[in-house]
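Number of protein chains: 2
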Amino acid sequence: MGEFELIQRFFTRPTPKAVLGVGDDCALLQTTDGMQLAISTDMLVAGRHFFPEVNPRSLGHKALAVNLSDLAACGARPLAFTLALSLPTADAAWCQAFSEGLLSLADTHGCELIGGDTTQGPLNICITVFGEVPVGAARRFGQPSTQAILRSGAQAGDDIYVSGTLGDARLALEALQGHIALPADILEFARQRLEQPTPRVALGLALRGIASAAADISDGLLGDLGHILERSGVGATLDTIPAIQLIAACAYPTWPAALFDKTFSTVTALQYVLSGGDDYELVFTAPVARRAAVQAASRDSATAVTRLGQIESTPGLRLIDAQGAPVANSFASFDHFAP
Amino acid sequence: MGEFELIQRFFTRPTPKAVLGVGDDCALLQTTDGMQLAISTDMLVAGRHFFPEVNPRSLGHKALAVNLSDLAACGARPLAFTLALSLPTADAAWCQAFSEGLLSLADTHGCELIGGDTTQGPLNICITVFGEVPVGAARRFGQPSTQAILRSGAQAGDDIYVSGTLGDARLALEALQGHIALPADILEFARQRLEQPTPRVALGLALRGIASAAADISDGLLGDLGHILERSGVGATLDTIPAIQLIAACAYPTWPAALFDKTFSTVTALQYVLSGGDDYELVFTAPVARRAAVQAASRDSATAVTRLGQIESTPGLRLIDAQGAPVANSFASFDHFAP
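Chains as they are written, first to last, in the working numbering: chain A, 1 to 339; chain B, 1 to 339.
Derived from the structure by calculation, the hints contain no laboratory data. Take these hints with a grain of salt, some might be off.
Because identical chains cannot be distinguished in the list, a pair is counted as satisfied if it fits within a single copy or across any two copies.
To be verified - Pairs of lysine to any residue residues, derived as SDA-like cross-links and limited to a Cα-Cα distance of at most 25 Å, are as follows:
(1) Lys262 <-> Tyr252
(2) Lys17 <-> Arg140
(3) Lys17 <-> Met35
(4) Lys17 <-> Gln147
(5) Lys17 <-> Thr165
(6) Lys17 <-> Arg139
(7) Lys17 <-> Gln30
(8) Lys17 <-> His227
(9) Lys17 <-> Gln143
(10) Lys17 <-> Val135
(11) Lys17 <-> Thr268
(12) Lys262 <-> Thr32
(13) Lys17 <-> Pro134
(14) Lys262 <-> Ile241
(15) Lys17 <-> Glu312
(16) Lys17 <-> Gly142
(17) Lys17 <-> Phe141
(18) Lys262 <-> Ile210
All chains, full assembly: derive it from the sequences and hints.
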C-alpha cells in the first residue's frame, strides 16, 4: 500500500463544513460571520505519550481527544482538524483501527478531517484542531477581543473548579509500568481513562460567559492551574480534602479500603490527583456570584464539577488540609525536558 | 532548560495579526471579511526528510518553507503558523539556530508563530500554516467557491509551466549520500537549493486569477503534475528539451561540459528534473490566451517560469523529445511507503 492509497482509504472523507478538504495543496476553511478560529496543536510520540503497542483504535481516539480538550478549555466549538502521521510501515490493519478510533470521536464532535501529511519514520502523530468562538469585547484593557475562555481572566475571589475525576490516568500508567499492582477490573477502568480520555467540549461551551478562566489538565492540576495563576497575575489556595476524593478508581465498587492502604497511601493518591497528568479534564475559575450558573452548566453538559478552592490576590499556590493547615507542596508538574 | 523556558526563550513572539498567540490552550485567529483560510500541514522527520546533522538554521528555514510552498501553490497570502517539535534533548544552541532560521523566513513573509507543542522524542518537526485567499464564485459546477488556485482547474489546451529550476536538490542529495562526486562550489550551490528552498509565495499570489491550476513540486514534477491531471480529469504532453535545461547546477559557471558527461548523463539530468523531488517550485497551468499575463506575473514576482507543455483531453502523461517523438516515462514519483 502506497502513501496515496493509504490517505485515500483511511483518511479521506466528505467535509461538508469546509470549503475544501483532503487532496489539494491546502484545505480551505471559512469561519461564520462574527466568529473567530481557535487553533491548537498537539504532538504524540511513541514511548513518550503512549506505549508503542497500545491499541491503535484507542490511540486514534486519544490523539484527537487531547486536541479537542484544548478547544474545550477555550469554550470553542470543534470544526475541523489536520493530521500529520509518521509511521514505521504502512500497516493496513493498524491504519484501519487507528482511523476508526480517530474518526469516530471526530464524528461525535462534528469535527472534519480536512488535510494532512503522511510519512515514514518513528511513530508520531501531530494533530492541529480548529474550533469556532464568537468575537467579543475585551473584558479587560490589553486583553484580546473574544468570547473564548482564556487562562488570563481569573480574578481574586473567584472559585476554582475541576471537571470529572483526576489521577486515574496516572494510576493506570504506574500499574502498566509495573510500579504498583492493581486488581484487573480497576486497572481496566483506570486504563480506559488513560487511553480514551473524554474531552470536555460540552462543558467548555456551557461555561462560555460564566467561567473567568480555564485550562485543560494535561501536565497535572497544579501545573495547569499554575498557568492560569501566572497569566492572570493572581494566587490561589486549594483544599486537598475534596481533591483526594477526585481519584475515581479509589471509589470503584470492588476496591476494598484495605487494598487502598496497601497499594498506595492517601499521600500517593493526592500526588496522582494534583500532579498525575494526562487527565484531560478542565480546571476553571468563576466568580462566586456565578455558582448557580456553574452548576447549571455542569448539569446541562452532564459533566461533574467539584469546587476546590479560591483565587487570591497574593501570588503563589497554597494547599490546605481539613483544618485549614498548610500542606507542603512538593508536587511537580510534568515537564518534557525536566532533568 | 525546561519545556516552558524553551518555548518562552525561542518560540514566543509578538503576534499583531492574531487575536491571541502562544501561551494559552488555543491561539485565536480572525480572517478578514471576504477571505477564507488556506491550511496546510507538513511533517519533517530526521533521516527521512533531512540529515540529522543538518545545520539547524537551514532546517528551521526548510521546515517553514515547505509549508509556505503549499500556500504559494494555492495563491494564498501567509498569515500564521503553529509548530510542533519533538526533540531528543533541549539543546539551547540548536534551538537558537533552528528558531533563527525559522523566524527569519517567517518575518520575510509576515507569517506569525501563534502556537505549538514541544515534546521529547526522535527529532520531528510538524508545522501547520495558515494563509488567506479571497472568497470567490465557483468556476465550474461542483467546485468550491474560492479564488484559491486549485489542482482541479486545468483544462485541455492550457499551457503547462514550472517556476525556477528543478533537480538541484536531488543532485545535492545524491552527492551527499556519496553516489556521485561534485566539485565543491557546485555541491554548495545545489545543497543550498536542497536545504534552503525558496517558497514561491509572490508568484503564487501574482498567478491568482491567471493560473487555472497549480501544485507545489515536492515529490517530483511528474508526480505533482500527475495530481493536477488526476484532479482535473485531463492528460498532458510534456516537452523534455526545455525540461533538461531546468537543472540549474548544470549551467553553473565552473561546471565544464566534460564534467557533465562524466558525472551524469542527460538521461540522469532528466530524471532529476522530472522526478528528483524536494524542489518546492510551482507547476501550474494557464489558458494560452493568458501567456502575456503569466509573463507579467513572472516579472512582477521576479520568478522565472518556463513553459513545458500542454494540457490535453486524453488522459495520461506523455513525454516527447525535440523531434516530437515519445520518450519512455520510467520516472517514478516519490512515495513514502513505496516498496
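From the Cα coordinates, with 25 Å as the cut-off, is the pair Lys17 and Gln147 best called within, between, both, or neither?
both (22 Å within a copy, 18 Å between copies)
Within, between, both or neither: Lys17, Gln30 at alpha-carbon 25 Å:
both (9 Å within a copy, 17 Å between copies)
Should Lys17 paired with Pro134 be assigned to within, between, both, or neither, using CA atoms and 25 Å as the limit?
Close inside one copy (17 Å) and across copies (18 Å); limit 25 Å.
Copy assignment of Lys17 with Val135, given that the CA separation must stay at most 25 Å
both (20 Å within a copy, 15 Å between copies)
At 25 Å max between alpha carbons, let me know whether Lys17 reaches His227 within a copy, between copies, both or neither.
between (33 Å within a copy, 24 Å between copies)
Can you give me the call for Lys17 and Met35, within, between, both or neither, at a CA distance of at most 25 Å?
Answer is both: 14 Å inside a copy and 16 Å across each meet the 25 Å cutoff.
If the cut is 25 Å between Cα atoms, do Lys262 and Thr32 qualify within a copy, between copies, both or neither?
neither (55 Å within a copy, 60 Å between copies)
My question is about Lys17 and Phe141: at a cut-off of 25 Å on alpha-carbon distance, are they close within one copy, between copies, both, or neither?
between (35 Å within a copy, 18 Å between copies)
I want to check one pair: Lys262 and Ile241. Are their C-alpha atoms no more than 25 Å apart within a copy, between two copies, both, or neither?
Within one copy only: 20 Å inside a chain, 79 Å across chains, cut-off 25 Å.
Within, between, both or neither, where Lys17 and Glu312 count as close if Cα-Cα is 25 Å or less
neither (43 Å within a copy, 33 Å between copies)
From the Cα coordinates, with 25 Å as the cut-off, is the pair Lys17 and Arg140 best called within, between, both, or neither?
Close across copies (19 Å), not inside one copy (33 Å); limit 25 Å.
Intra- versus inter-copy proximity for Thr268 and Lys17 (alpha-carbon distance at most 25 Å):
Answer is neither; intra-copy 46 Å and inter-copy 46 Å both fail.
When held up to the earlier numbered hints, the structure conflicts with 5, 11, 12, 15, 18 and fits the remainder.
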